Amino acid sequence: MFGRVLVANRGEIAVRVIRALHELGVEAVAVYSTADADALHVRLADRAVRIGPPAVGESYLNIPSIVAAATTTGCEAVHPGYGFLSENAEFVRMCEANDLVFIGPSAHVMERMGDKALAKAEMRAAGVPLVPGTEGAASLAEARAAAEELGFPVLLKAAAGGGGRGMRLVHGPGELHDAYDRASAEAHAAFGDGTLYVEKAITPARHVEIQVMCDNHGGVLTCGERECSIQRRHQKLIEETPSPALDAELREAMESAAERACRHISYRNAGTFEFLVGPDGSFSFIELNTRLQVEHPVTEAVTGLDLVRLQVRVAAGEPLPLTGRAPREGHAIEIRINAEDPSRGFAPAPGRIERFRPPLGPGVRTDTFVEDGVTISPYYDSLIAKVVIRDETRAQAIDRARRALRELEIVGVPTTRDAAYQILGSEEFRSGDYSTSFIDEAGSRLPALSGAVE
Amino acid sequence: MFGRVLVANRGEIAVRVIRALHELGVEAVAVYSTADADALHVRLADRAVRIGPPAVGESYLNIPSIVAAATTTGCEAVHPGYGFLSENAEFVRMCEANDLVFIGPSAHVMERMGDKALAKAEMRAAGVPLVPGTEGAASLAEARAAAEELGFPVLLKAAAGGGGRGMRLVHGPGELHDAYDRASAEAHAAFGDGTLYVEKAITPARHVEIQVMCDNHGGVLTCGERECSIQRRHQKLIEETPSPALDAELREAMESAAERACRHISYRNAGTFEFLVGPDGSFSFIELNTRLQVEHPVTEAVTGLDLVRLQVRVAAGEPLPLTGRAPREGHAIEIRINAEDPSRGFAPAPGRIERFRPPLGPGVRTDTFVEDGVTISPYYDSLIAKVVIRDETRAQAIDRARRALRELEIVGVPTTRDAAYQILGSEEFRSGDYSTSFIDEAGSRLPALSGAVE
Amino acid sequence: PLDELREQAEGLASSEEELLLLGLFGEDAERLLRGIRGRGRRDDEFSGVDQVRADRIRELVRIVQESGIGEVTVEEEGMRVSVRATPDTPVATASAAPLAVPEPAEAGPAVPPANGLVRVESPMVGNFYRSPQPGAPSFVEVGDVVAAGQTLCILEAMKLMNEVKAELDAVVRAIHVENAEPVEYGQPLFDLEPVSAPPRAG
Amino acid sequence: PLDELREQAEGLASSEEELLLLGLFGEDAERLLRGIRGRGRRDDEFSGVDQVRADRIRELVRIVQESGIGEVTVEEEGMRVSVRATPDTPVATASAAPLAVPEPAEAGPAVPPANGLVRVESPMVGNFYRSPQPGAPSFVEVGDVVAAGQTLCILEAMKLMNEVKAELDAVVRAIHVENAEPVEYGQPLFDLEPVSAPPRAG
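Chains as they are written, first to last, in my numbering: chain A, 1 to 454; chain B, 1001 to 1454; chain C, 2001 to 2202; chain D, 3001 to 3202.
No wet-lab data here; the hints were simulated from the structure. Since the structure is predicted, the reported quantities are computational estimates derived from the model, not experimental observations. Each hint should be verified, as a subset may be incorrect.
[Unchecked claim] Below are the SDA-like pairs computed for lysine to any residue, each with C-alpha atoms no more than 20 Å apart in a straight line:
hint, chain 1, residue 1, chain 2, residue 2
1, B, Lys1116, B, Arg1263
2, A, Lys116, A, Glu135
3, C, Lys2159, B, Glu1096
4, B, Lys1236, B, Leu1118
5, D, Lys3159, A, Glu329
6, C, Lys2159, B, Thr1072
7, A, Lys236, A, Ser450
8, C, Lys2159, B, Glu1076
9, B, Lys1200, B, Arg1263
10, A, Lys236, A, Arg344
11, D, Lys3159, A, Glu58
12, C, Lys2159, B, Lys1116
13, D, Lys3159, A, Ala97
Chain A on its own, in the form it takes in the complex (with noise of 0.2 Å):
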């Protein structure tokens, strides 16, 4: 096992990295902006360099001053967390480059998973179920012809991005002309690659997820399946799991698929296969997340594993102590607290927290780098805390939520606190079934979400 780690992020992610090390056994080294110089992450680490102005471009992102930040401090390995440079193959190779072991996959892995059409290619190639639509770039013209084939509604989806940018949904001929200009040149400016690939729209369509951990010595280890579909605009609000629309057949052969693909590619450490369950229950590959994922607590409430401390013990050599699929107990759900603002279409709403209790008891985790007088930055995103709940069944799931998001109190900036309470309260959540249009339909009803809705 490693003596010292890194923990190149911030916020609940940094703590949550921190608090795996510590249970290791693991020194923990925090890095940080001088924005965040009395951040929580700093406060529990046992070292911390400050990196750079709060700028992410200078700090969180600054390839060179994070790695010297590990080296110079004797670390043997850096966690990445998720988001900024966890996805950065150029960041794992400067890792390995000054000796360091990048808690994640191989940069070669990690590039060929970041770049759509060659993952594509792999799944295929695995036996994993795609998406049905061009094997690759399209121009105007070959997307026309690919969705005639395809039948409306169709997607534009940018082959170099992600999160919804450059994304649009056509549903008819009339329409492509003007979405693939659109899409592209948002691709371009998001991305600087306006290229552009045609998928069949599944809808409506649920966003379920596969959770995978993989060893150095080709074990495999599948935990389940996370429900992702409530999202306002690409944007996750709730997660849970098991996932309403799967039953005992379809989630192994989805996890069974995430196993192949992960054997084909000689997958490394924590990854998530997104995936598209369709109206009809068939599943389609979207992206291999190459890293943790920030809805991992919902996973670890239910087996009962710590995913970021496996991590770090895959990466140190170890072997998982169990493989093929892990046993689960139990339902959970996750709700994402976010500074933002719904009275005005979710903006983000930076500033200071005067007061912030979280809900406590049985069944109720919450992950936060937040106490009171902590400023929530402009700088860096709007998540302030995780609610994870777990309980025996969906249904008691949902009401100790309920439970919980009452208990919890938050003075000083708007959040989509209020926003989740009604939708977990709403018939179509308790239901179970539900898409991910789920926030423009059922929005419009739900008070809090009112300026959610365009």
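With chain A held as given, fit chains B, C and D onto it using these hints.
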């Protein structure tokens, strides 16, 4: 299910019960003394009734005011928590006489189990092993004869007592007379009854208890054991499950003995069978606690059950959803955080808590009524928080518990935090090979406990 | 102290609330109440400002009373206003048929009644009955003169009737609870005006 | 703005710290600095009080600067003192061979050095080397005169050597880091005393 339930308690357990009621969709009515007007349980409840001044005799032990608080607010049932009126058969009768369901066993069973001699007779009849000793009260002469037969050391115990008062360990015949007189006087002072009995002293002994839950239809669920041997003067400090002292065979023997006893006495609702486990692996019944225990969360952590919700559901007439042996997974540890001054022999240290930050993150549950600015009143007991850890294995749970205790911040009153931290880090505790004399034996080597050992 | 205050107030306080202000803030409050009552400078602007001030202080008092919070401090316009709550000591002790005589030194959480009245608070939780049985005349009405030891009401808990008796000769000035309503510990039941000397402490 | 201030200060401020006080508190600070410098009333008691005041304000400034906290407010003796931090703008930007010249308007987290010195802070994380290779003479020593563009040290990160150069003609007055020690972002490396006109902002 009930529509509204009175919570006849205060502090962390009142908060715990209110959470369970809210998760069941049941309204909670709190009671409070004038010292608790700002307490968290009052704020969380749907309604609160002021029942008297700070002194417990006029408030939390005031049966007429508490029953009237329930009847005048339209409650259908009363949850007593632990302590206070939870084992008061008269209170149970008063509830029943006022058409209130008492969430617990019947007054009849409670009364019989509160009488140690009667309780033992019932257990003997049910085939539950007892500590060898006199069958009932013993005069000094009878005590002497019994001690010679059992072999020293023996224990003198108060027939009416509990909590270690009126108890004396006698190592040889020369000590007996003096010890008898003192124990009898102490018992008389504490319980108004100086009657003593004699038991063989099991040493080194482990204190291991079995959690049971019984419905009104003959269903009995046993939920495994709790190891409670880390005690300071018979006050538990740390509890864990599973017990390192039990193998599957002994565990099953103890659980099936508890189940037999429940059936024999027609027990209802939650109960805890306390046993002594000797170095030879024998177990002997000590007493049946006819209520929820402080340390119930460790059982919840490994079974995934919510014992308080189950209490309410079986009291409302529901059958248990499962009977027999509750499945368990992983390891759990509870650390009691008391406002006590280790440097002054763990004397209660009431005062104002300036700052309180519970530990958060994976596998950590905190039950508390404390927040910044709360005053720990000298009128009530010194328990301010319970930190409950769950992890895959015992070793991991210990590491996680120490991580959590490092995170826990309490400013304003001295607490048992550091003592617990050192106990968890000691070799004896890590080995699992410890007994009820742990604090006396190891305490002098642990800096935070040096004031605890006289 | 309230009685003393009342004398000092010289009719300045037009309500219990304002009397409390005087008690709590002394000179400051007096100055602003004078402003409000027009006894200060007859300058519209000035009294307007003082009116705002008075409202702000009153608001503070209200916040402290309603929230049960310990203290609120506000500083503005060269004036520092601190409102601190009275310690929450019960005025009554529970007994079978007790009478709670508020001792000014241990004023309860409720606003003490004005004009030398003695407040009778509930010593227990229960249902409040003004008459011995349904349909019977009430034990007392507002305006009645009661003798020490005379029953004022019945509090029922666990089907047991507990009589609350007057502890002094007095005139019933107010009855705060409707018949058959539930009451909690410390809740105001009656205001009595002593007809002889005020009761001794204890 | 510091230059203007410096002129206004008319020699009143004897250090960068006091200059900052003037910038932050304006008249108030001027009054107390005059007291300290003996330009105010030559009354021992008075200047003693003002000295205490000045020390307190300075202490506040230090607390705000060292803690990186947003604002501290202290009120006493009829004076309300609020110390608010300047927005946390970096004084140096990372570049291949950068020189961090503290601009007074964008003062960094470190306490500005006194006596008109210019502090060079580390623009990155890395190892600090005073010479181009082991055994070679140091780039600079305390007391050396350096020309704008002259290399002061090397910062190594990821095995890449980044030269830090002087941005002005100056005398090296202090070297804050030992050779081969790691440094973090914003850590003071050198104090330089300009030998010609003070550097322009930007």
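query: Any hints this thing doesn't respect? Which numbers, in order?
result: Structure breaks hints 4, 5, 9, 12.
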